[in-house]
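K.L.:
Here is how the chains run, residue by residue.
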Amino acid sequence: MAAITTKKIIPTHIGAPVDVTKSKYKMITENVNVYYGNFLAVKNISIKFPEKSVTALIGPSGCGKTTFLRCLNRMHDMTKSARVEGKVMIDDIDLYDKSIDPIYHRRKVGMVFQKPNPFPTMSIYDNVVAGVRLNGVRDKKILDEIVEDSLKMAYLWDEVKDDLRKPAIELSGGQQQRLCIARALAIQPEVLLMDEPASALDPIATQKIEETITELKKDYCIIIITHNMQQAVRVSDYTGFMYLGDLIEFNETKKLFTDPKNELTAKYVKGYFG
Amino acid sequence: MLKREFGKSRGRGPLSDKIFKIAATVAGAYVLAVILVMILQLGWESGPVWQKEGIEFIWGTDWNPVEGRESYGALPYIIGTLVTSAIAMIIAVPLSLGVAMFVLTAPKRIGEPMGYMVELIAAVPSVVFGLWGLFVFRFYFKDLIEQPLHNAFGDSIFLFSGNPFGLDILSAGIILAIMIIPTISAVSRETMLAVPQQQKEAAYMLGSTTWEMFRLAVFPYAKAGLIGASIMGLGRAVGETMAVTMIIGNATGLAAIPDSLFDAGQTMPSIIANEFIEASPASIHVSALIAVGLVLFLIAMAINVVAHFLVTRMLKIREGAVNN
Amino acid sequence: MSSTLLQNSRDKRAEYRAMFKANVKNRLLVDKIMIGIVITCTLLAIIPLLWILGTLVYGGVGALSWEFFTQEPGAVGSGVPPAIGPAIQGTLIIIGLSSLIGVPIGVMSGIYLAEFGGGWFSKQVRFFTDVFMEFPSIVLGVFAFLAIVLIIGHFSIWAGAFALSLIMFPIVARATEEALKMVPYSVREAGTALGLRKWIVTLRIIIPAAKKAILTGILLSISRISGETAPLIMTILGSSQFFGGFDSPMDALPLRIWRFSLQPYDEARLSGWGAALVLVLIILAIHIAVRCWFSRKNTDKGFISRILKQRSV
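Residue numbers (the numbering used here), protein chains in the order written: chain Z, 1 to 274; chain D, 275 to 598; chain U, 599 to 911.
Read the hints as simulated data drawn from the structure, not as lab findings. A quick note: this is a predicted structure, and the numbers were derived from the prediction, not measured. Where a beta carbon is used, it is the ideal one built from N, C-alpha and C, also for glycine. Careful, some of the hints might be misleading.
[Stated by the list, open to error] A few chain Z residues that face chain U, going by a derived Cβ cut-off under 7 Å, partial list only:
{"id": "1", "residue": "I103"}
{"id": "2", "residue": "N135"}
{"id": "3", "residue": "G136"}
{"id": "4", "residue": "V137"}
{"id": "5", "residue": "Q188"}
{"id": "6", "residue": "F257"}
[As the list claims (entries may be wrong)] Each computed DSSO-like pair below joins lysine-lysine, with the alpha-carbon atoms no more than 27 Å apart:
{"id": "7", "chain 1": "Z", "residue 1": "K98", "chain 2": "D", "residue 2": "K292"}
{"id": "8", "chain 1": "U", "residue 1": "K623", "chain 2": "Z", "residue 2": "K24"}
{"id": "9", "chain 1": "U", "residue 1": "K809", "chain 2": "Z", "residue 2": "K141"}
{"id": "10", "chain 1": "Z", "residue 1": "K267", "chain 2": "Z", "residue 2": "K254"}
{"id": "11", "chain 1": "D", "residue 1": "K292", "chain 2": "U", "residue 2": "K809"}
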């Protein structure tokens, strides 16, 4: 392991996840390990994510943030060479438990990707309800309700409400990303995962996304990966710092940035490596 | 060696490269020249029959090579080609999609060998398919499928009204279907692989099953390419000669227009294969066959151009689908 | 956005979630049914192949013998299974001659597309080369008949070779283009930086680097034309004798198989299966050799399947 210092890196949290708050936890991971073939990409991560909050995951490129995030909604099922160990619990139900059916429970965790990826052959309306239709809802009244609800929560309703049948790819980048957020919200998830949601967007669109996140956290547990430390400070309540697959430190955002307990965290936060 | 080349190249100047470029361009233009010359020659040599029959050759149904009473019409063979190809497509397109989906989603250990075996079908020559169809398949097919269908529905459904003999347009259509499956499934597979991973992830994120992911993310995106793949198969079916010749029953003229699935027929390639050698050069029989070849050529080229256009367009769309 | 909106949503959300739970079982069932359908499709596609191969082995193995490979067919209806010596010889000769014509044109055409491509003209060339690959080969036979046989007045082996070369060269051109594209651009830059002329760089450096892939294309095109029957019907005609000069008719395996199928004798049928078995074994041998040999070098497998979309007519 090529480290910045020659001393061995000791994560501040090892073993059981630490309690950072008195309120309820929405999602708890225990001893999550992810293997790509023989390579261990994510090492023994245990975190408790509080409800109705934003948790940011930061760290240099390649440290395993995205790999870890994808465990949380069983995205690795798509990759044949990936193997996930450990537990991912939402409200005491382990997503990886063999006895439960993944289709229904995977829906509880919505995801927004780095580059907006609306379905290009569908309209705005159809994009938002794509997941809802999958779940068997056909009643137009209910679909209309959900569309309005989701687009409003994603701060997109006012811009598109006059022409919902427009093809989704005619929207701008920022609008498409908010559309993807609406699409994820439409399936009524309980947790929202976001993988660098604003990195492909211009500053104005980024600001809108951050506003959306700040509103949404009143209701959802949001876990967001970001490269931008200022964004983490602006938007998140808790932050986890990862390095080479390990979780080095996890704490309230203010405390982690102003008074990091681990030497490596301090170096990263000060910008000594990135 | 490099030292020698260095010295030589100084002396030759850019002329050698110019010659090289000309030679390469000529080689590239060869295909265009061949196509052009082909059209011209086919048109010219079929002249006599166009003069005699005029444009009505295309929808004429006579086929009389007897000297003094010669009369030719290509319609029965155009119909034969269309009908057998249609049968082949109805069967092959769904099967090929299924094969493509299987190879894409099955674990590699099973999917790869299966995909390979389907491709091997394309390696079996048409004449061997014809041999098998003529001496093996047709008996089983007649006894197990054609005869029962005729007995049960012969009176009610015109499709099954002919007396089944095993060498008919239905058998030819089915064997054609088997032969074009490798083409359609290979191109379909490439098309579906070209769907960006992010699209599939978006569908997966919404909690879809594998089939639903295909429905949501793959098929709509790949639609143009899948249609192109099918049309490519159609182009292949239209041009197939030997297997069809050996199985379709070799009817000519009016008799070649089928009234039911169990009737013998004739396609454009098969009439040429059957009669070209025997055609008397004193008559315009050969010219009639060449005219059939010209019609076949134009139809096949049109189909293949459309197919290629659709497929390459889809593979290009992948780059610029989601604008940002 | 007001917080009353969120409050409304909160209540609705539980409602919606309850709605969702209901149909999961159905969706999983549909998924399982589709798996079954897809497997059935694949089996339906493969079973004929296995059936044919089985029939060939079962029906043809009895005809195989040294005499079968080396003698002439002899008189029809003699009671002895007719041999395929001239057919095998003819197939080898026609493959050689077709390659003589088709390979150079194909390779040069591929060089044009890879090294001088990019403009409008080369786009047309590539497009029509692809389209030409799927032309009905019977029409190519008619064309060769008109272009050569009619002009010189008799059937000719060159006409057959020309017809088959028309099938070969697009495949070789495609393979060459793809092969040349696989050689990194830096090699060309290095050559030019050394002061070498472009034709030297291409012919002496790039082609040898890509020769394995080009050879693969050539072999695959050979396996394709060895099964072609239609273009040979009106060009080399077929014959019962060994090669007798470039201006007389000649036999070939596919032609001989067709002739056997038209003869109503049991021994002809046996020879037909035997000849078909020999032909398919040759073709499969080339295919499998190409797969093993080529795949081991960890190169693009899609390359082969793109060329393999073609079939013999």
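K.L.:
Confirm or reject each hint.
P.N.:
Verification of the hints:
Residue-level restraint check for I103 (chain Z) holds (minimum Cβ-Cβ distance to chain U is 5 Å; threshold 7 Å). Hint status for N135 (chain Z): holds, given a least beta-carbon distance of 4 Å to chain U, under 7 Å. Annotation: interface hint on G136 (chain Z) holds; nearest CB of chain U at approximately 4 Å, less than 7 Å. The interface hint given for V137 (chain Z) is met, as the beta carbon of that residue sits about 6 Å from the closest beta carbon of chain U, less than 7 Å.
Taking 7 Å as the C-beta cut-off, the interface hint given for Q188 (chain Z) holds, the closest approach to chain U being about 5 Å. With a least beta-carbon distance of about 28 Å to chain U, the hint placing F257 (chain Z) at the interface is violated under the 7 Å criterion. For the given pair, K98 (chain Z) sits about 69 Å from K292 (chain D) by alpha-carbon distance, which is inconsistent with the 27 Å threshold. This hinted pair does not check out: K623 (chain U) and K24 (chain Z) have alpha carbons roughly 32 Å apart, beyond 27 Å.
Only pairs whose Cα atoms come within 27 Å are accepted, and K809 (chain U) paired with K141 (chain Z) is rejected, the gap being roughly 65 Å. A threshold of 27 Å between alpha carbons decides the hint, and for K267 (chain Z) with K254 (chain Z) the separation of about 16 Å falls inside it, so the pair holds. At roughly 24 Å between alpha-carbon atoms, K292 (chain D) and K809 (chain U) fall within 27 Å of each other, so this suggested pair holds.
Against the hints set out earlier in the document, violations occur for numbers 6, 7, 8, 9.
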